[in-house]
Amino acid sequence: MRFVSHLSANGAVGPVNGAGATARRPYHRHMTRPILLLMLWWWLPTVGWAQARPDGLVDVCPVRAAESVPPAQFDRPDCERLPLYRVDPQGRHLWLRMQLQPEAPESTDYLGLLIAAKASSELYIGGELVGRNGLPGADARSEIAGRMDVVLPLDRARLRAADHAIVLRMSSQQGWLQLVGPIHAIELVGSPDVQNQTLRYYLPSLLPLGVFLLAAFYFGSLMLRSERKLAPALLTALALLAALQLLLEVSRGVLAYAYPMHDLRLLGILGCAGAFGLGLVALLTHLYAPRRLAPALVLAALAMATVLALTGAMDSRTALMLLIGSLFALAAALLGVRRGARGARAYVAGLALFALADVVDPSGFIDYGFYWL
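The sequence shown runs contiguously to residue 551 in the numbering used here.
What the hints contain is simulated information worked out from the structure, not anything from laboratory work.
All C-beta atoms in this analysis are idealised placements derived from N, C-alpha and C, irrespective of residue type, glycine included.
Among the hints, a few may not be true.
[To be verified] Derived Cβ-Cβ restraints for the label pairs, each shown as a range:
no.	residue 1	residue 2	range
1	E245	P280	51 to 59 Å
2	A339	L488	47 to 55 Å
3	R403	R264	28 to 36 Å
4	A479	K407	18 to 26 Å
5	W354	A282	27 to 35 Å
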């Protein structure tokens with residue numbers, strides 16, 4: 179298991195510089211470049227979390243009533259052998275047994291077990307409890323929620339004596355979502371501070387975050403000084419949504435939150451993606467097909483609602499929110515090209531690339547959408 183470090187108009191603006199009507203210039207020329215820059219920053223890659231899949235299999239058994247120590251054998255009829263990415267502790271109380279081989283078995287350096295999972299857990303080596311993250315339980319009342327990401331220290335000699343076999347007791351009885359992949363990583367690491375490890379990867383994202391905030395300030399000030407306020411207001415909202423989604427992504431490397439909070443984080447990211455998609459639809463339809471603004475928003479919202487009803491994976495939902503928004507916005511930009519509107523071709527190219535990247539690699543598009551590495 180690996181820890182992988184798993185977003186131009188037909189009219190004219192009013193006085194924006196105090197010069198009155200003589201300062202007016204075509205709106206599309208004034209706004210096209212910053213909008214495309216905003217979309218580019220949304221697109222830039224960065225380090226994120228990704229679900230890694232182990233080469234070996236994991237033995238999984240349900241925890242029986244009053245069973246306080248790991249079973250001696252994992253060959254009971256109710257046990258099974260699964261790849262780790264298919265193990266689901268949500269609403270369950272499980273024993274997991276796996277083999278973990280250090281890269282340098284004779285080293286005396288620090289050795290820890292990284293557990294990145296939506297679950298509480300206990301670590302057993304040789305049948306003895308050696309570490310705990312929260313308290314696993316058979317139900318929500320008996321469980322104490324552990325942290326989403328934790329490193330438990332390991333004794334190398336004890337691990338060797340157990341032939342590098344460990345057993346985890348896990349449960350996930352709290353939360354709001356049923357995730358497709360609740361276990362993100364279980365692996366040996368050489369540092370005890372998982373938050374510092376993660377945060378190092380997220381630090382470069384401060385630059386695009388600053389760009390989003392500057393864009394929000396710029397478009398917000400333009401909105402206050404312009405006669406036509408809708409387009410700059412939408413651009414301000416898009417910049418703020420991008421910044422908020424970035425902050426939600428980075429929060430995993432900054433805050434050592436309990437695993438139920440992970441659901442709220444994912445819902446926040448999904449909400450930002452959906453709002454950003456609708457914002458794109460509103461902006462491009464306002465610019466190139468203003469009479470169709472309301473129908474376009476209603477249709478886009480219905481398409482997003484359908485996706486939410488038919489799709490379970492949060493990454494897929496988030497990617498589809500952005501894809502739907504970009505496709506509706508692309509349709510509006512194509513209407514602008516058909517009518518010969520200035521700037522429409524640039525939007526068509528940018529939105530087509532945006533949608534294509536989403537289709538080709540939805541997971542990568544979401545993971546790397548906001549950050550800059």
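Q | Hint numbers not upheld by this structure, sorted from lowest to highest | A | Numbers 1, 3 and 5 - these are the hints that the structure violates, sorted from lowest upward.
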